[in-house]
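Asker: Below, each chain spelled out in residue letters.
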Amino acid sequence: MEFLLEVFTEEMPPSHVKTALSQLGEKFKEELLSRNVDAKKIEIYGTCRRLIIFGDLAPEQKDRKEEIIGPPKAVAFQDDGTPAPAAKGFAKSQGVEVNKLEVIKTDKGEYLGIKKIEKGRPTQNILSEILPSLISSLSFPKMMRWGSSSFRFSRPIKNLLCVVNEKPLSFSVGGVTAGNFTYGHKLQCPKKIKVKTFHEYKVTLRKMRVVVNQEERRRMILSQIERKLASLNARCYPDEELLERLSYDVEYPYIFLGSFPEDYLNLPIEVLSTALREGQRLFSVVKEKKQLPFFLGVADGYRDVKSLIQKGNERVLKARLEDAKFFWTQDQKSGLRNKSKNLGKIVFQEKLGSYEDKTQRMKKIVAYLADKVDAQKIKKQVVQGAELSKVDLLTDMVREFPSLQGKVGGLYAREEGHPAPVWKAVYEHYQPVSMEDESPSSLTGSVLSIADKLDSIVGAVGVGVHVTGSKDPFGLRRNAQGVCKIILDKKFNFSFSRLLGKVMDVYGAKIREPETQVKNYCLEFFANRLRYIYEKQGYRYDLINAVLSAGIDNIYYSFLRVKALDSLKDSPNFEPLILIFKRVNNILRDQPPFRINSGLFVEKDERELYTTFCIIKDNVLPLIKKGDFSQAQRIIFRIKSSINNFFDNVLVMANETRIRRNRLALLQAIYKLLVQVADYSQIVIEGQNLSK
Amino acid sequence: MSIQNLIMNLQKFWTDQGCYLAQPYDLEVGAGTMTPDTFFRVLDKRPWKVAYVQPSRRPTDGRYGENPHRVQKHFQYQVIIKPSPPDIQQVYIKSLVSLGINVQEHDLRFDEDDWESPSIGAWGVGWQVLLDGLEITQFTYFQQAGGIDLSPVPVELTYGLERLEMFLEGKDDIYDLDWSHDVSYQDLRYLEEKEFSEYNFSQADIRSLKESFRLNEREAQQLIDKDLLLPAYDMCLKCSHFFNLLDSRGAISVTERVKMIAEIRTLVSQIAQKYVAREDSS
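The listed protein sequences derive, respectively, from chains A and B. Taking this note's numbering, the leading residue of the first sequence gets 1, the next gets one more, and so forth. Taking this note's numbering, the leading residue of the second sequence gets 1, the next gets one more, and so forth.
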């Protein structure tokens with residue numbers, strides 16, 4: 001049975017369409033499943049004005065079979081074969097004659113009971129129940145109200161089309177009642193059409209300049225681009241984000257090729273491509289890695305007979321490029337250093353002062369960090385980079401194209417003749433802006449980027465900003481992930497909590513929350529970001545927990561520890577060790593720390609354990625220090641037999657206090673060593689579900 | 001079509017749609033949204049339809065008459081309709097057709113662009129309307145003003161008259177536009193741009209601006225306490241303009257900026273709340 005739904009709206013942002021389509025698909029399938037409606041096919045399509053579900057569904061719900069179990073067969077009949085009171089009572093309670101009871105076989109034997117078959121209801125009845133809540137349950141990054149209603153959606157809903165088996169299905173959502181018609185392209189063919197089938201819907205809409213399938217629109221864009229560029233023997237500068245955006249933005253893509261005067265090619269490619277992309281959403285055209293004075297635009301229509309669209313866009317672009325050229329020369333009239341005097345006039349964060357303040361802090365943080373990551377030789381340059389890093393916020397270029405922050409400063413620094421380590425530091429210090437983005441290529445950029453992000457995080461936490469659920473107004477998560485990504489990519493090996501301490505020192509009195517609280521919040525916050533990163537990389541959650549709950553003082557090492565656990569998780573030694581650790585952990589719970597006195601060991605097995613432990617410790621500590629956690633782990637495995645003997649033959653909780661404390665002290669020392677690799681108690685062993 | 005014809009066309013179009021034709025407000029404002037014909041009228045529950053030209057001042061945008069696109073004063077054509085009608089997008093497109101634009105030959109796009117004005121505690125959801133890549137209108141469904149949820153929801157259309165006219169005349173320089181058949185934008189506005197840029201950037205007296213800000217702020221609070229909300233709001237508009245001038249003089253420090261915006265917002269929120277309470281009880 002064919003089913004078609006179209007939610008027709010005013011233009012939704014592409015990001016909204018994308019989330020709506022994935023929600024629609026998931027929720028619709030879920031609803032059908034929970035209501036026993038089989039679906040042979042469900043397809044989801046969308047444009048900026050339409051959310052579409054097409055389905056081939058069973059005409060009815062599956063029948064629901066129900067068995068109601070009564071008394072056991074053995075007691076249901078009297079000796080003479082007539083029904084016993086138990087059977088009669090049951091039949092009565094169910095409102096059936098006693099002779100209608102059937103024998104039902106169960107695991108526990110034979111019972112009397114009744115089998116009920118609930119006939120499945122027609123799917124269209126089910127649909128009219130589930131669709132209103134399905135549509136109104138969609139959530140968007142930002143919702144709005146319109147007219148006099150309190151209904152919320154991405155943009156106003158203008159029409160609902162719903163056809164089941166060629167007939168309209170009626171229901172209402174947000175003040176709109178569904179019918180069997182829709183509309184064509186907003187400008188090219190805004191007429192109303194009646195719809196019976198999905199095929200007819202697709203074909204008619206296509207004639208009315210609407211292509212409903214997003215993949216098809218994307219292919220249309222790509223093939224038209226190819227055709228337009230064939231004569232130029234050039235290619236379109238790949239921009240996946242822009243392509244995807246545009247494939248939702250238009251209902252019928254038409255590609256136009258335009259040009260701009262060649263003198264603008266003197267602008268850096270970063271500026272040119274941003275000027276093209278932002279505002280008019282144009283693609284750059286390149287040939288052998290060089291930008292050509294052409295662009296490609298995607299219009300929502302099917303033709304540009306008088307070249308009005310092309311010419312209009314060229315005019316707007318020319319004005320934009322003229323501005324950019326003006327900014328490029330104007331900004332360079334006074335040097336970055338001269339401009340930096342005004343950094344005090346722009347707010348970084350209300351309670352944390354200006355960008356001048358931030359710059360001063362970053363200078364101190366990078367100097368510290370350069371020492372810690374063995375980058376002393378670039379210390380001077382990275383401090384210079386820090387000094388210049390935020391100056392581009394004062395340039396007209398960044399005011400016009402905010403997404404170019406950092407890059408513009410770097411380009412100006414390069415023009416001023418600063419050496420590569422300095423200008424690259426500035427250029428790259430916002431990277432990575434996402435987990436998919438690259439970390440800075442330069443060492444100076446990496447150090448500066450960490451300092452910048454950490455300054456923002458510690459500062460925000462220090463004045464009481466907390467990230468919860470969807471609330472992250474300062475983008476702290478993104479910043480923290482950026483810091484982690486750089487540390488992991490660059491294999492930076494340093495004490496993270498001491499770095500946090502340094503940042504807090506640099507802030508001084510501006511941090512208003514108690515210092516330990518800020519530090520602990522930050523550590524936990526970063527542990528959570530690391531968890532997210534490791535989970536994305538596919539590591540087992542319990543291994544991640546084991547590593548993170550043993551602390552993240554050295555972020556790079558935390559990664560090595562996850563890797564070590566992962567590589568040894570299938571070793572036969574792994575599970576016994578975890579059991580031992582859990583046992584140790586349990587014994588030590590709530591015990592204050594004690595000291596080992598080797599003279600107090602009395603039993604053979606405890607002396608032996610102590611000796612083994614000392615040898616293992618001497619071997620393992622250097623390995624831990626240099627980050628070879630797999631080897632450390634392998635050596636730790638060797639404690640197994642000694643510790644097993646200890647538990648078998650020695651009573652830890654001895655009556656004599658001194659002896660007891662000494663044994664506990666030994667176990668504490670072992671625990672302390674092991675936990676430098678992982679908190680093994682967090683690891684889940686098959687059949688056991690001790691922790692999560 | 002000259003600018004004045006463009007204005008007359010829009011006036012005719014929107015009065016035909018049932019709008020009351022307001023006259024420009026007689027104080028300096030940064031946008032048509034800030035005038036009482038929008039600010040107060042969106043707060044209450046009554047239907048409202050209004051259209052007007054509003055000269056809008058943004059002192060920092062001044063370029064001494066030397067930039068072909070940027071001016072410290074421009075003209076907005078503002079339309080407010082409450083509740084937002086279901087067919088408002090088509091009506092808007094018709095308004096472009098009524099200006100002689102053959103929309104089928106162009107690329108008309110509604111591009112996500114949400115609007116926000118922190119100093120009057122207002123925000124909305126909508127688009128910038130792009131005509132062949134040129135932004136000609138801001139199209140917004142108001143959600144909040146003065147920190148108050150608006151219900152019914154008003155729709156606001158703000159045409160940038162100079163932008164639209166540049167499209168209609170196919171010109172690249174704002175000063176080449178025809179205001180009428182024999183008066184150009186240059187004739188009317190060039191000297192004003194030049195002199196006001198000098199005033200905004202160099203001559204406006206910082207001390208008296210700061211003092212005026214304080215005086216008007218104090219007066220606004222006194223008027224609010226006396227329930228004289230419309231005069232109080234005027235004082236806020238003045239504060240806002242003094243703030244903009246101080247900003248273009250580069251005379252506002254980090255902490256002052258935040259504080260001054262918050263001060264205006266606090267006053268405006270009080271006015272909005274009192275206004276709504278008064279409307280509800282009447």
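Some hints could be false.
To be verified - List time: in silico BS3-like cross-link candidates among lysine-lysine, alpha-carbon distance up to 25 angstroms: (1) A/K345 to B/K238; (2) A/K207 to A/K372; (3) B/K194 to A/K325; (4) A/K311 to B/K45; (5) A/K351 to B/K94; (6) A/K318 to B/K171; (7) A/K318 to B/K73; (8) A/K192 to A/K351; (9) A/K325 to B/K73; (10) A/K207 to B/K94; (11) A/K345 to B/K49; (12) A/K502 to A/K626; (13) B/K194 to A/K510; (14) B/K45 to A/K351; (15) A/K27 to A/K41; (16) B/K171 to A/K311; (17) A/K306 to B/K171; (18) A/K142 to B/K94; (19) A/K158 to B/K94; (20) B/K259 to A/K191; (21) B/K49 to A/K341; (22) B/K73 to A/K192; (23) A/K290 to A/K341; (24) A/K325 to B/K171; (25) A/K290 to A/K306; (26) B/K259 to A/K333; (27) B/K238 to A/K158; (28) B/K94 to A/K306; (29) A/K345 to B/K171; (30) A/K341 to B/K210; (31) B/K45 to A/K158.
As the list claims (entries may be wrong) - With the C-beta cut set under 10 angstroms, the calculated list includes, among others, these residues of chain A facing chain B: (32) P13; (33) F171; (34) V173; (35) L257; (36) G279; (37) Q280; (38) D304; (39) R315; (40) E322.
In short, the hints are calculated from the structure, not lab data. Remember, predicted model here, so these are calculated numbers, not experimental data. No residue lacks a Cβ here, since even glycine has one placed at the ideal position from N, Cα and C.
Asker: So, for every hint listed, does it hold in this structure?
Answerer: Now for the hints, and whether the structure bears them out:
no., hint, in the structure
1, A/K345 to B/K238, "holds, 23 angstroms"
2, A/K207 to A/K372, "violated, 66 angstroms"
3, B/K194 to A/K325, "holds, 22 angstroms"
4, A/K311 to B/K45, "violated, 45 angstroms"
5, A/K351 to B/K94, "violated, 49 angstroms"
6, A/K318 to B/K171, "holds, 12 angstroms"
7, A/K318 to B/K73, "holds, 23 angstroms"
8, A/K192 to A/K351, "violated, 56 angstroms"
9, A/K325 to B/K73, "holds, 24 angstroms"
10, A/K207 to B/K94, "holds, 23 angstroms"
11, A/K345 to B/K49, "violated, 42 angstroms"
12, A/K502 to A/K626, "holds, 24 angstroms"
13, B/K194 to A/K510, "violated, 44 angstroms"
14, B/K45 to A/K351, "violated, 39 angstroms"
15, A/K27 to A/K41, "holds, 15 angstroms"
16, B/K171 to A/K311, "holds, 12 angstroms"
17, A/K306 to B/K171, "holds, 18 angstroms"
18, A/K142 to B/K94, "violated, 28 angstroms"
19, A/K158 to B/K94, "holds, 17 angstroms"
20, B/K259 to A/K191, "violated, 53 angstroms"
21, B/K49 to A/K341, "violated, 49 angstroms"
22, B/K73 to A/K192, "violated, 43 angstroms"
23, A/K290 to A/K341, "violated, 37 angstroms"
24, A/K325 to B/K171, "holds, 20 angstroms"
25, A/K290 to A/K306, "violated, 30 angstroms"
26, B/K259 to A/K333, "violated, 33 angstroms"
27, B/K238 to A/K158, "violated, 41 angstroms"
28, B/K94 to A/K306, "holds, 21 angstroms"
29, A/K345 to B/K171, "violated, 38 angstroms"
30, A/K341 to B/K210, "holds, 23 angstroms"
31, B/K45 to A/K158, "holds, 23 angstroms"
32, P13, "holds, 4 angstroms"
33, F171, "violated, 18 angstroms"
34, V173, "violated, 14 angstroms"
35, L257, "violated, 14 angstroms"
36, G279, "holds, 7 angstroms"
37, Q280, "holds, 4 angstroms"
38, D304, "holds, 8 angstroms"
39, R315, "holds, 6 angstroms"
40, E322, "holds, 8 angstroms"
Hints 2, 4, 5, 8, 11, 13, 14, 18, 20, 21, 22, 23, 25, 26, 27, 29, 33, 34, 35 from the list above are not met by this structure, while the remaining hints are.
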